[in-house]
Amino acid sequence: MREKELEKLKDYKYGFSTDIENFKAPKGLNEDVIKFISNIKKEPKWLLDWRLKAYNRVKVLKEPNWQKPKYPKIDYQDLYYYSAPKSFKEKPKSLDELDPKLIETYNKLGIPLNEQKRLNGIAVDAVFDSVSVATTFKDTLTEKGIIFCSISEAIQKHPDLVKKYLGSVIPITDHYFATLNSAVFTDGSFVYIPPGVRCPMELSTYFRINASDTGQFERTLIIADKGSYVSYLEGCTAPMRDENQLHAANVELIALDDAEIKYSTVQNWYPGDKDGKGGIYNFVTKRGLCKGKNSKISWTQVETGSAITWKYPSCILQGDNSVGEFYSIAITNNHQKADTGTKMIHLGKNTKSKIISKGISAGFSDMTYRGLVDISPKSSNSSNYTQCDSLLMGNKCGAHTIPYIKNKNSNSNIAHEATTSKISDEQLHYCQQRGLNSEEAVSLIVNGFCKEVLQQLPMEFAVEAQKLVGISLEGSVG
Amino acid sequence: MENFKTDFAKMLKNNNLSEKEIAFKNFNAKEFSSHGFPNRKDEDWKFSDINQIIKKEIGELNFYTEQLKKGEIDKDILLNEIEHNKLIFINGQLVQIDFNYEDKGKVEFLDNQNNIDEQLADNSLINLNNALSNKSYKLLVKKNYQIKKPLIIYHTTKSELTSQNINLKINFELEENSSLKLIDLVKDKGNKNFINIFYNFSLEKNSILKNYKIDQFENDNIRYMFNNIKQSSNSVSETFYLSKGSTFSKNEIFCDLKGEHSSAFVNGIFSLNKSKHHEIKAKINHLVENTKSYQLVKSVLENKSRSAYQGKIYVDSKAQKTDGYQLSKAILVDETTEFNAKPELEIYADDVKCSHGSASGSLDENSIFYLMSRGLSYKEARELLINGFLVEVINQITDEPIKKLIKNLYGLKNEY
Numbered sequence: 001m002r003e004k005e006l007e008k009l010k011d012y013k014y015g016f017s018t019d020i021e022n023f024k025a026p027k028g029l030n031e032d033v034i035k036f037i038s039n040i041k042k043e044p045k046w047l048l049d050w051r052l053k054a055y056n057r058v059k060v061l062k063e064p065n066w067q068k069p070k071y072p073k074i075d076y077q078d079l080y081y082y083s084a085p086k087s088f089k090e091k092p093k094s095l096d097e098l099d100p101k102l103i104e105t106y107n108k109l110g111i112p113l114n115e116q117k118r119l120n121g122i123a124v125d126a127v128f129d130s131v132s133v134a135t136t137f138k139d140t141l142t143e144k145g146i147i148f149c150s151i152s153e154a155i156q157k158h159p160d161l162v163k164k165y166l167g168s169v170i171p172i173t174d175h176y177f178a179t180l181n182s183a184v185f186t187d188g189s190f191v192y193i194p195p196g197v198r199c200p201m202e203l204s205t206y207f208r209i210n211a212s213d214t215g216q217f218e219r220t221l222i223i224a225d226k227g228s229y230v231s232y233l234e235g236c237t238a239p240m241r242d243e244n245q246l247h248a249a250n251v252e253l254i255a256l257d258d259a260e261i262k263y264s265t266v267q268n269w270y271p272g273d274k275d276g277k278g279g280i281y282n283f284v285t286k287r288g289l290c291k292g293k294n295s296k297i298s299w300t301q302v303e304t305g306s307a308i309t310w311k312y313p314s315c316i317l318q319g320d321n322s323v324g325e326f327y328s329i330a331i332t333n334n335h336q337k338a339d340t341g342t343k344m345i346h347l348g349k350n351t352k353s354k355i356i357s358k359g360i361s362a363g364f365s366d367m368t369y370r371g372l373v374d375i376s377p378k379s380s381n382s383s384n385y386t387q388c389d390s391l392l393m394g395n396k397c398g399a400h401t402i403p404y405i406k407n408k409n410s411n412s413n414i415a416h417e418a419t420t421s422k423i424s425d426e427q428l429h430y431c432q433q434r435g436l437n438s439e440e441a442v443s444l445i446v447n448g449f450c451k452e453v454l455q456q457l458p459m460e461f462a463v464e465a466q467k468l469v470g471i472s473l474e475g476s477v478g
Numbered sequence: 479m480e481n482f483k484t485d486f487a488k489m490l491k492n493n494n495l496s497e498k499e500i501a502f503k504n505f506n507a508k509e510f511s512s513h514g515f516p517n518r519k520d521e522d523w524k525f526s527d528i529n530q531i532i533k534k535e536i537g538e539l540n541f542y543t544e545q546l547k548k549g550e551i552d553k554d555i556l557l558n559e560i561e562h563n564k565l566i567f568i569n570g571q572l573v574q575i576d577f578n579y580e581d582k583g584k585v586e587f588l589d590n591q592n593n594i595d596e597q598l599a600d601n602s603l604i605n606l607n608n609a610l611s612n613k614s615y616k617l618l619v620k621k622n623y624q625i626k627k628p629l630i631i632y633h634t635t636k637s638e639l640t641s642q643n644i645n646l647k648i649n650f651e652l653e654e655n656s657s658l659k660l661i662d663l664v665k666d667k668g669n670k671n672f673i674n675i676f677y678n679f680s681l682e683k684n685s686i687l688k689n690y691k692i693d694q695f696e697n698d699n700i701r702y703m704f705n706n707i708k709q710s711s712n713s714v715s716e717t718f719y720l721s722k723g724s725t726f727s728k729n730e731i732f733c734d735l736k737g738e739h740s741s742a743f744v745n746g747i748f749s750l751n752k753s754k755h756h757e758i759k760a761k762i763n764h765l766v767e768n769t770k771s772y773q774l775v776k777s778v779l780e781n782k783s784r785s786a787y788q789g790k791i792y793v794d795s796k797a798q799k800t801d802g803y804q805l806s807k808a809i810l811v812d813e814t815t816e817f818n819a820k821p822e823l824e825i826y827a828d829d830v831k832c833s834h835g836s837a838s839g840s841l842d843e844n845s846i847f848y849l850m851s852r853g854l855s856y857k858e859a860r861e862l863l864i865n866g867f868l869v870e871v872i873n874q875i876t877d878e879p880i881k882k883l884i885k886n887l888y889g890l891k892n893e894y
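From first to last, the protein sequence lines are chains A and B. Residues in the first sequence are numbered consecutively from 1, following this note's numbering. Residues in the second sequence are numbered consecutively from 479, following this note's numbering.
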């Protein structure tokens with residue numbers, strides 16, 4: 001029985017595509033396409049102007065080239081920047097009106113959109129290609145004054161909040177992919193937690209790329225007002241396709257005084273086949289601003305998918321006593337490449353940050369941890385602790401660590417540790433002696449290696465992540 | 479750059495060079511004039527923008543002056559504490575060769591070497607050196623010969639010398655089973671010069687190189703030194719930096735461990751004050767199985783000074799059983815200082831043991847309190863802690879007399 005299950009899991013189980021009629025913007029990147037996106041979403045003029053300003057910058061910017069994984073040139077004119085299920089021309093008013101095929105897709109993914117079916121209370125916002133299809137548990141959240149909806153809806157209903165915070169952490173003057181996102185972003189989630197409210201359930205977004213030749217550019221904006229708390233989860237999958245697809249999302253978090261945001265990601269985009277054909281380019285910009293005093297932002301990520309992952313969830317610790325945390329597991333197998341890490345920018349006094357990064361590479365893959373810890377002269381009594389460990393399986397893969405450490409304040413401490421090793425034969429032998437086969441043994445040891453990070457994940461995610469860790473490494477030993 | 483071009487033309491005219499050499503120099507001059515001095519846009523120079531520093535500290539630089547005066551050797555530059563062989567350079571010109579302590583024919587110093595060698599990847603300062611260094615020296619230690627006394631290379635300038643670029647290039651060859659103890663001693667009287675030194679080391683089987691670089695004495699020159707080390711099997715290299723005196727200094731080490739069981743040790747001290755800015759960049763390439771490297775760099779920073787450490791351990795997919803270790807620590811004594819580090823690992827083999835660590839912070843107040851409660855003054859307590867912190871690095875030196883010498887020079891009592 002177990003064997004059978006494993007067999008099924010060996011392939012990317014989210015690799016199916018949904019046959020659904022799509023409504024797309026014309027191919028290519030130009031002013032008309034941006035106007036088209038803005039128009040179809042009935043956006044106010046200021047947002048269109050903002051998009052066009054970003055687009056004008058994209059025209060003169062160059063793609064960054066300092067990263068380790070190189071990729072073939074992307075033809076930005078050969079992509080669709082907007083794709084939505086045809087039945088969405090008029091947004092359905094309730095779940096009953098939703099195309100049954102879509103509901104089926106999400107059921108297949110294990111994300112029931114039907115509230116009654118859910119046992120555990122997690123509110124979900126599901127994004128399919130370029131649009132948000134459904135948000136669950138709205139009523140419960142509204143009672144508390146929490147706003148959780150798609151960003152398009154937020155632009156219509158809460159323009160003041162969006163206008164105030166959009167681009168305040170990732171401005172349109174940022175790097176190439178972030179700016180491109182500002183110009184053409186289609187949908188994403190918006191969360192606002194009012195002062196003093198502790199969000200009663202986990203909020204979750206599920207991203208799905210379905211159409212081919214489509215870039216997904218979503219934008220997530222989370223604002224935790226004074227004294228509030230929210231835990232947010234993000235999951236992603238895509239169908240198996242031969243060509244590479246681009247995913248360039250922007251995520252902005254803002255924590256005001258005494259607020260806390262916990263952001264967890266399980267990223268499982270299609271990684272390409274065994275020979276490195278196809279897969280998602282995951283070029284994501286995630287940045288959190290601890291704006292207020294005593295605020296806290298914590299990033300947790302499990303990165304197992306994508307052909308190329310290239311992201312650095314960062315914290316800007318502006319408020320005094322603010323805390324930034326980063327927990328990461330990144331696993332690459334076959335021909336996957338990952339260049340990931342974090343930036344901790346200490347600006348306020350008494351700020352603290354912690355980085356725990358675990359990288360595992362197998363097959364022909366390449367993994368890089370790249371991070372920056374910068375303590376500015378005014379940020380006294382601050383401290384950072386960094387630990388990055390890498391595990392290598394085989395001698396065809398690579399594991400690299402590139403930390404940048406800048407200490408400009410004599411009252412602040414930075415400590416950094418890194419190790420690289422392999423799974424020792426003794427450990428394997430010990431487990432096998434006790435009846436585990438070699439793959440189970442590896443999975444067990446790797447899960448132990450990652451424990452510090454897995455512990456940070458919310459319950460439901462931790463179970464899924466643990467399974468993912470095992471599956472991603474299938475076939476890498478023996 | 480205009481200055482460089484005219485000076486380079488003058489240099490070509492005044493020296494009698496072979497066609498091959500002229501082509502080599504022309505190529506390097508072209509590379510240098512198209513890149514110029516490195517700036518912070520170059521990843522390797524992110525923490526130390528030498529282009530800005532030269533502009534700010536020196537301004538216009540002379541690249542070539544006909545007949546640089548050598549003058550007499552000032553007696554006060556010589557070290558008397560230790561018996562040694564000498565090579566004395568004044569204003570970049572060789573004035574004395576002295577191998578009196580060694581057997582005849584076992585150590586050779588040649589100065590008519592063909593000045594052409596393999597090109598290292600993009601480094602415009604090496605291009606500058608290749609274009610302008612008028613001679614290439616070579617030191618050869620013969621097979622099975624262990625040098626008896628250390629060799630001190632004196633790098634000195636006369637007080638009249640200013641705004642001058644000096645380029646020096648020496649190749650060292652250690653044949654099988656040989657050994658060399660080498661001290662580079664900086665003793666400058668000149669002001670605001672840019673000194674660019676390039677060493678090539680080739681270590682044959684079982685050879686041992688011990689290289690100690692001492693920049694202890696106050697001077698306001700800008701210094702760049704590149705060590706290129708190639709190691710065959712069972713060879714050992716030990717490099718130690720005392721980085722203290724110059725206004726700006728960057729020491730780069732590029733070490734290929736090409737033979738099995740070869741090992742490389744890099745140790746360094748930064749002890750900086752008065753807006754000084756020093757950097758060590760080390761890249762150790764483990765290319766075959768069973769090689770070892772160890773790096774330890776410590777900084778004590780005061781009064782607007784800055785230090786940077788970039789260390790990289792590269793492990794090739796063939797280099798199983800590599801042991802690589804790297805540690806950098808810094809004490810920031812006051813608020814005006816800055817410490818930057820980039821300890822990198824690039825690993826392609828799985829059966830390796832590689833780790834790095836970096837820590838920086840202020841002096842530990844609790845330790846100061848502890849010492850003061852036992853009767854030391856604040857100043858004494860601070861000094862004791864700082865010296866104790868740095869002496870760990872000096873104690874890594876494997877040659878006892880030289881260890882003693884360096885402790886003396888640095889002003890540490892012997893009981894440390």
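Source of the hints: derived by calculation from the structure; they are not laboratory data. Every residue, glycine too, gets a C-beta built ideally from N, C-alpha and C. Heads up, some of the hints might be wrong.
What the hints assert, rightly or not - Below 30 Å or equal to it, Euclidean Cα-Cα: the simulated DSSO-like pairs (lysine-lysine) are:
1) Lys-68/A <-> Lys-352/A
2) Lys-885/B <-> Lys-761/B
3) Lys-519/B <-> Lys-354/A
4) Lys-70/A <-> Lys-831/B
5) Lys-885/B <-> Lys-396/A
What the hints assert, rightly or not - Beta-carbon label-pair distances, calculated as ranges:
6) Glu-417/A <-> Leu-890/B: 52 to 60 Å
7) Glu-417/A <-> Gly-866/B: 19 to 27 Å
8) Asn-56/A <-> Gly-866/B: 44 to 52 Å
Taking the hints in turn, this is what the structure says about them:
1. Lys-68/A <-> Lys-352/A: 29 Å, holds
2. Lys-885/B <-> Lys-761/B: Judged against 30 Å, a Cα distance of about 27 Å means the pair holds.
3. Lys-519/B <-> Lys-354/A: 29 Å, holds
4. Lys-70/A <-> Lys-831/B: 27 Å, holds
5. Lys-885/B <-> Lys-396/A: Cα-Cα ~46 Å, so violated.
6. Glu-417/A <-> Leu-890/B: 52 to 60 Å: Between Glu-417/A and Leu-890/B, where Cβ atoms are some 29 Å apart, the hint is violated.
7. Glu-417/A <-> Gly-866/B: 19 to 27 Å: 23 Å, holds
8. Asn-56/A <-> Gly-866/B: 44 to 52 Å: 59 Å, violated
The earlier numbered hints that this structure contradicts are 5, 6, 8.
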